[in-house]
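Student: Residue-level listing of the chains:
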Amino acid sequence: MIKLLRILILLTLPWITTSCYDCGPMGEPFVEISLPQKDQLIRISALGAKSDSIFNRDTMSLYFSYSRFPISLLQDSTTFLFHFPDHVDTLTLYYQRVFDTSKKCGYYNDIKAPERGPYYRSTFPKVHVEYHSYLGSREPGHYALRGIYIQIQNQ
Amino acid sequence: MKKNIHALLWTLLWLHFLIGQVVHGQVTEVDTSSKSTPTAPTFREYSVGIDVFKNIPFWLQGNKAPVIEYANGTQRNRGIYEVTFRKRIDRYYHLTGLLGYTHLTINYPSGVEEANQINGWYLKAGRERATGDRQRTHFGILGIVTFCQYRTDLRYAGPTYGDYTERRLVNNIGVGAEPYFAFDFFPQSRWMLRWVTRLNYHYRLFGEGYTPYYPGIGIAGGYHFTMSAGTSLQLHYQFRGR
Chain A
0 MIKLLRILIL LTLPWITTSC YDCGPMGEPF VEISLPQKDQ LIRISALGAK SDSIFNRDTM
60 SLYFSYSRFP ISLLQDSTTF LFHFPDHVDT LTLYYQRVFD TSKKCGYYND IKAPERGPYY
120 RSTFPKVHVE YHSYLGSREP GHYALRGIYI QIQNQ
Chain B
0 MKKNIHALLW TLLWLHFLIG QVVHGQVTEV DTSSKSTPTA PTFREYSVGI DVFKNIPFWL
60 QGNKAPVIEY ANGTQRNRGI YEVTFRKRID RYYHLTGLLG YTHLTINYPS GVEEANQING
120 WYLKAGRERA TGDRQRTHFG ILGIVTFCQY RTDLRYAGPT YGDYTERRLV NNIGVGAEPY
180 FAFDFFPQSR WMLRWVTRLN YHYRLFGEGY TPYYPGIGIA GGYHFTMSAG TSLQLHYQFR
240 GR
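These protein sequence lines are chains A and B, in that order.
Numbering of the first sequence is given in numbering that gives the first Met the number 0, commencing with residue 0 and proceeding in unit increments.
Numbering of the second sequence is given in numbering that gives the first Met the number 0, commencing with residue 0 and proceeding in unit increments.
Calculated from the structure, these hints are not laboratory results.
None of these values were measured; they are calculated from a predicted model.
One or more of the hints may lead you astray.
Some chain B residues well away from chain A (every beta-carbon gap over 10 Å; in silico) [to be verified]:
| # | residue |
| --- | --- |
| 1 | V47 |
| 2 | D50 |
| 3 | Y92 |
| 4 | Q116 |
| 5 | R126 |
| 6 | D132 |
| 7 | R150 |
| 8 | T151 |
No farther apart than 20 Å at their CA atoms in a straight line, the calculated lysine to aspartate or glutamate pairs in the DMTMM-like style are these [claimed, not checked]:
| # | chain 1 | residue 1 | chain 2 | residue 2 |
| --- | --- | --- | --- | --- |
| 9 | A | K49 | B | D162 |
| 10 | A | K102 | B | E207 |
| 11 | A | K102 | B | D162 |
| 12 | A | K103 | B | E113 |
| 13 | A | K111 | A | D21 |
| 14 | A | K103 | B | E207 |
| 15 | A | K102 | B | E113 |
Heads up, the beta-carbon is just placed ideally off N, CA and C, and yes, glycines get one too.
Given only the sequences and the hints, what does the whole structure look like? Please build it.
Tutor: See the structure below:
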């Protein structure tokens, strides 16, 4: 009887697991864009967006160097329009969508750099794009950049 | 909540073992008082049974039940159908086999997974040993082979550009082991009622995604390795064969 009880306790032990992991956006991901001449900008919009309000909510604040914009889950590119008083600049970002499942996160989505072709097309003279995974460990000491960072330079 | 469920499972696991001990105690007393008529118990060789309990709590809850591991999930339209077969090998041992089919849907009001439609077949086979004077308590172990299909509707919310939706069809194949206790009511008669409590250990060999309900295993939280426990009633028809 005691032997049986011991066996049962041993069999029931592996019930507990713990984890500390960032599973990404689970929906529309955001990219970080740093803009020059933010003060001259009138508004920002994106092709295919249902509403432009999200682009103008925090963009106009001059305190942060980066602004967060959503990118489309329906296609492998998103085009942003930057409306200035005398002209409109465009930036098309190319990427690769990942929809997958894993033990840590269940079903998740992520964004990767495109396998071939350019990372972007733009009327801005100089753009720098960095791709990082949206997923990763959240433990202290494992600090890493998440998501896509776009730096637009005017010269 | 989870603590209570675990406590309940533990109680159920041990309850009929304890009942078995009590019944055996009474039987030995009766036997010592009437030594003059030693009756050898007559056993039937075969029995075929069906599960008569697993669907009842589900129907009583109005054709729905929560998925415990995922806070918001709801099971609907669940049906569990199991046929059991037993054959006596000798005085103590039986061969047992079980074929089962389960279908259900699981809906989530929020999150990436909107709905799962699940169909699964499972085969269990093994043997059991009888204990006690009247051999009403059995413990046994079954090997499990499972196949189940998850049809999962995914919706990644896109408030700005539109939602991304996808339907995934995942076939899961797995193997496992099931140690169990069984307690027989009316073991000598043609119709026998059998109370079975089980522990399940299951490992998925092929397939992906979480399986909040795995046919043949039950509500299971793990990814590839899952474990579960349960209790149920089976109605057996016993016959001698040949």
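Student: A separate judgement is required for each hint: does it hold in the structure or not?
Tutor: Right, here's what the structure says about each hint:
1. V47: The claim holds: V47(B) sits with its nearest Cβ about 29 Å from chain A, beyond 10 Å.
2. D50: Answer for D50(B): holds, closest chain A Cβ roughly 23 Å.
3. Y92: holds, 18 Å
4. Q116: holds, 15 Å
5. R126: At about 18 Å from chain A, R126(B) clears the 10 Å cut-off, so the statement holds.
6. D132: holds, 17 Å
7. R150: Label holds. Min Cβ-Cβ 14 Å, cutoff 10 Å.
8. T151: violated, 8 Å
9. K49(A) <-> D162(B): Roughly 11 Å between the alpha carbons, so the hint for K49(A) and D162(B) holds.
10. K102(A) <-> E207(B): holds, 9 Å
11. K102(A) <-> D162(B): violated, 24 Å
12. K103(A) <-> E113(B): holds, 19 Å
13. K111(A) <-> D21(A): holds, 16 Å
14. K103(A) <-> E207(B): holds, 12 Å
15. K102(A) <-> E113(B): Status holds; Cα separation ~18 Å.
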